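Visitor: Going line by line, the protein sequences match chains V and H. Sequence positions in the first sequence follow our numbering and run 6 to 307. Sequence positions in the second sequence follow our numbering and run 9 to 254.
Source of the hints: derived by calculation from the structure; they are not laboratory data. Nothing here was measured: the structure is a model prediction, and the numbers come from that model. There's no promise every hint is true.
Pairs of lysine-lysine residues, derived as DSS-like cross-links and limited to a Cα-Cα distance of at most 30 Å, are as follows [to be verified]:
| hint | chain 1 | residue 1 | chain 2 | residue 2 |
| --- | --- | --- | --- | --- |
| 1 | V | 128 | V | 98 |
| 2 | V | 299 | V | 252 |
| 3 | V | 299 | V | 256 |
| 4 | H | 21 | V | 98 |
| 5 | V | 128 | H | 14 |
| 6 | V | 128 | H | 21 |
| 7 | H | 14 | V | 98 |
The chain contents come next:
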Amino acid sequence: MNPIIEVEHLRKTYGQVVAVDDVSFHVAEGEIFGMLGPNGAGKTTTVECLQGLRHADSGRVRVIGLDPNTQAQQLRRVIGSQLQESALPDRIKVWEALDLFASVTPDAADWRVLLEQWGLAEKRNASFGNLSGGQRQRLFIALALVNNPRLVFLDEMTTGLDPAARRVAWDLIRAIRDRGTTVVLVTHFMDEAESLCDRVAIVDHGRVVAADSPHGLIAQHAGQVCVIFTTSNPEIGWLGQVPHVQKVTRKGPRVEVEGTGPVLARVAASLVEHGIEPSDLRVEQPSLEDVFLKLTGHGVEE
Amino acid sequence: MRTLFKLTWAEIKLFIREPITVVFTLALPIIFLVVMGGVFGNAPSTEVYRGVGAMNYYMPAYYGLIMMSIGTVALPVHLAAYRERGVLRRFRASSFSVWSVLGSQLMVSFIIALVGSLLITAYGLLAYSVDPPKSLALLAPAFVLGTVSFASLGFFLGAVLPSTRSAQGVGLILFFIMMILGGAGPPPEVLTGALDIVGMMTPLRHAILMLQDPWLGFGWNVNASLIVAGITVVSAGLAARFFRWE
Chain V
6 MNPIIEVEHL
16 RKTYGQVVAV
26 DDVSFHVAEG
36 EIFGMLGPNG
46 AGKTTTVECL
56 QGLRHADSGR
66 VRVIGLDPNT
76 QAQQLRRVIG
86 SQLQESALPD
96 RIKVWEALDL
106 FASVTPDAAD
116 WRVLLEQWGL
126 AEKRNASFGN
136 LSGGQRQRLF
146 IALALVNNPR
156 LVFLDEMTTG
166 LDPAARRVAW
176 DLIRAIRDRG
186 TTVVLVTHFM
196 DEAESLCDRV
206 AIVDHGRVVA
216 ADSPHGLIAQ
226 HAGQVCVIFT
236 TSNPEIGWLG
246 QVPHVQKVTR
256 KGPRVEVEGT
266 GPVLARVAAS
276 LVEHGIEPSD
286 LRVEQPSLED
296 VFLKLTGHGV
306 EE
Chain H
9 MRTLFKLTWA
19 EIKLFIREPI
29 TVVFTLALPI
39 IFLVVMGGVF
49 GNAPSTEVYR
59 GVGAMNYYMP
69 AYYGLIMMSI
79 GTVALPVHLA
89 AYRERGVLRR
99 FRASSFSVWS
109 VLGSQLMVSF
119 IIALVGSLLI
129 TAYGLLAYSV
139 DPPKSLALLA
149 PAFVLGTVSF
159 ASLGFFLGAV
169 LPSTRSAQGV
179 GLILFFIMMI
189 LGGAGPPPEV
199 LTGALDIVGM
209 MTPLRHAILM
219 LQDPWLGFGW
229 NVNASLIVAG
239 ITVVSAGLAA
249 RFFRWE
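Work the whole structure out from these sequences, hints included.
Guide: Printed below as a string of structure tokens:
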């Protein structure tokens, strides 16, 4: 697949502050690409440079074959954008905003459909100023999609949404991707990146630390599976000899077995063989959070 | 073009929904007219009001007042608030051009100035039987130039004033100075010395002369119209130079 976005050695500073140090990545057409990192990592500045809203100090950027520095207006017509810090006039009505933003492109989407999809039909005639945070957020996503973009940037799109609305938003984003629109998702939510993104770039201190599918990142950087159970049987030394087991730790009756690949099946079989049948045997799969901690040395909320 | 018209229509609706600006821009001149008419009536004067009746004098002067209040208060505050709140940023990211954003403001300014002027004209005709304009053919271009000039001033102020608060502060100071010394308050003949000099430096003084002369039958005021045109060019140039989306 051809890359729809190519970024090479992007750098952006504000005086002494380095917002984006050295960022390179590419996004393939038709995927959901996540940029995951803590606040201040440079994610937002990066996507703003990609939309031509800010000028990078150096580096080469191509978005849909266009240079955001010199062809910004042309580019913005074919992309959608949901910005973190923006607003509409307080007294504009929801339908008026959609109708207005749809007028920018001749082949705009039917905003009435977007109104339904994003759960705003009842708020059609409400003023922007009277919308809740979640409703505003959904309106901004709808506005980002109203010009039928080939590529859409969503910057912290689920911030302010309640858990149910987040799930709905994820499903809708997948539906957008399935229709062929490429999605660039900026987020600091691990679960969002892990469940929604085809590929994720982990951004920290203005650099891309790693980029791969969530599965690939986990396999490469946090392959350890942890099998946990409790038993009163003191004799479990043999567990260390079970294939794929790397480490066994015991705290009282609680036993944690770390290993790789099919470690769960092997451990379970051996336990039964030794007459131990714990009723609370469970497994903890490593998550993106573990990858993040390992690669950056800190949590995402710091 | 479609965006320009949609945005203009949206802005008209937003203007109507904002009671403070409606009152300030449209009702204030009528209130002045009621007060001034009550005090001075419309009998021709020999010492003040350029030798014509007070109401005949104020009719075109209040046209200028409306344009001026749009240019000093309504537009700068509107643009500064749009920038401060991220509305301009939102517009820009969705590929609204600067021309559709400012063009819609210009069109709205023109429509508001026209509606406001028709309102005070209707009131003047009914309550004081003011003389209608002697030359509509000359008044019309003066009206257009005056509106464009103050809109440009508004774009300039909206471009350089960093926040809504500063736009409100600076705008109101300019509004009152111009209103009192620019010819829309006391008759210019009673202003002497420094007051008259400051009055002569306000764009409103020249805009009013440009509007009054065709109305009162004094023909086209070349000097005043050149000054107003000059202010337009300079303001528009500075606005283009300093306009910021965020």
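Visitor: Are there hints from earlier that the structure breaks, and if so, what are their numbers?
Guide: none
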